[in-house]
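Please build the complete structure, drawing on both the sequences and the hints.
Each chain, letter by letter, is given below.
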Amino acid sequence: MDFIDTGFNNAFMNMAIDEVLLSSKVPVLRFYQWKPCAVSIGRYQDLDDIDLEYCTKNSIDVVRRITGGKAVLHEKELTYSFIIDKEMMPRSIIESYKIISSAIIQGLNILGLNPEMNNSKIENRDNPVCFQESSFNELTINQRKFVGSAQVRKNGKLLQHGSILTGIDAKKYSSCFKEKPEADDLRKRITCIDIQEEKLKNAIKQGFSGYFNTSMNERGLCDRKISEAEELAEMKYRFGTISAKT
Amino acid sequence: MENPTDRKYTKEHEWIKIDGNIATVGITDFAQDQLTDVVFVELPEVGKQIEQNGNLCVVESVKSVSDIFSPVSGEIVEVNKALENSPALINNDPFESGWIVKLKVRNEIESAQLMTPEEYNKFLTEIE
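Quick mapping for you: the protein sequence lines, in order, are chains A and B.
For the first sequence, this note's numbering begins at 1451 and goes up steadily by one.
For the second sequence, this note's numbering begins at 82 and goes up steadily by one.
Everything labelled a hint here was simulated from the structure, so no lab data went into it.
Examples of chain B residues lying across from chain A (beta carbon under 7 Å, computed):
1. Gln115
2. Thr117
3. Lys144
4. Ser145
5. Ser147
In this text, a Cβ means the ideal position worked out from N, Cα and C, and glycines have one as well.
Written as structure tokens, this is what we have:
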């Protein structure tokens, strides 16, 4: 399995790199972070869910993902993406979530954490806030969500990306939405893991390596892929066909 | 839910029902079950030409976005507008009111090569 840590990028570049990695021939685990912080919304989510005025005023980018699901504020978190041939994973969405969550759990166990997999359906499908609702096989601690994930199956590949929360500013989170969720309710439903970044990265990496019983081939993105991602970032994610502005 | 005997099937779990040169296409009960609740369907435009195994439409189910493929090549002549407001029809009635598009078939040989209901049932037992 290839392993890529792209560090901090803006929202448009982050989404573009994930899309570029969809053409990878071998499975890839990627880690990334967001600078400036950003709200990502699901592929078909209504942009009206987001308070764009607040986001603009506070230098929060808004980007549309190629994956499903609802909006996430990416600030204090480690983001992962995992790309693999669709045929190597169960056809069932729920089962594929279970596999990826199991790899993350295996990693977090190394840190002494014991998250649970949620075993119930989303209660309110119209809730625009990803972290307020847990779907089957998403990860929680004491029934509070701390990993939010979304998936796309495209061109024979499965891509799942997700946020592992390392902190939360509930007030800021709430402010990003037009219909403001109660900050107290967010605090009740969401938790985070206060783990030093490098330790967390190493643990998750080991979790994937162990669960899939494979070694990790650490690499960077080649210049051609970076150029491809830069073009997609501007033409598609910031201003183009999948721009959150349209 | 049983797979109807009046149509053909693909390994990607689409069904196709031919009437003259018009083919109605949808996804099977197995496929909808694997997707879980469908919350949105991005339908193609009428008049669009599509190749066999090309992307027919995109469905969003809870937490995932997936491509649906065309069993045959042809021209889209009608889309199921009811899915715009009621995407759950794909879950609740995949073989009838949950149909997705109607195509004017370009090459009859393509549909002849798809799986019969018996072959598809056998295929399902092999993968389950």
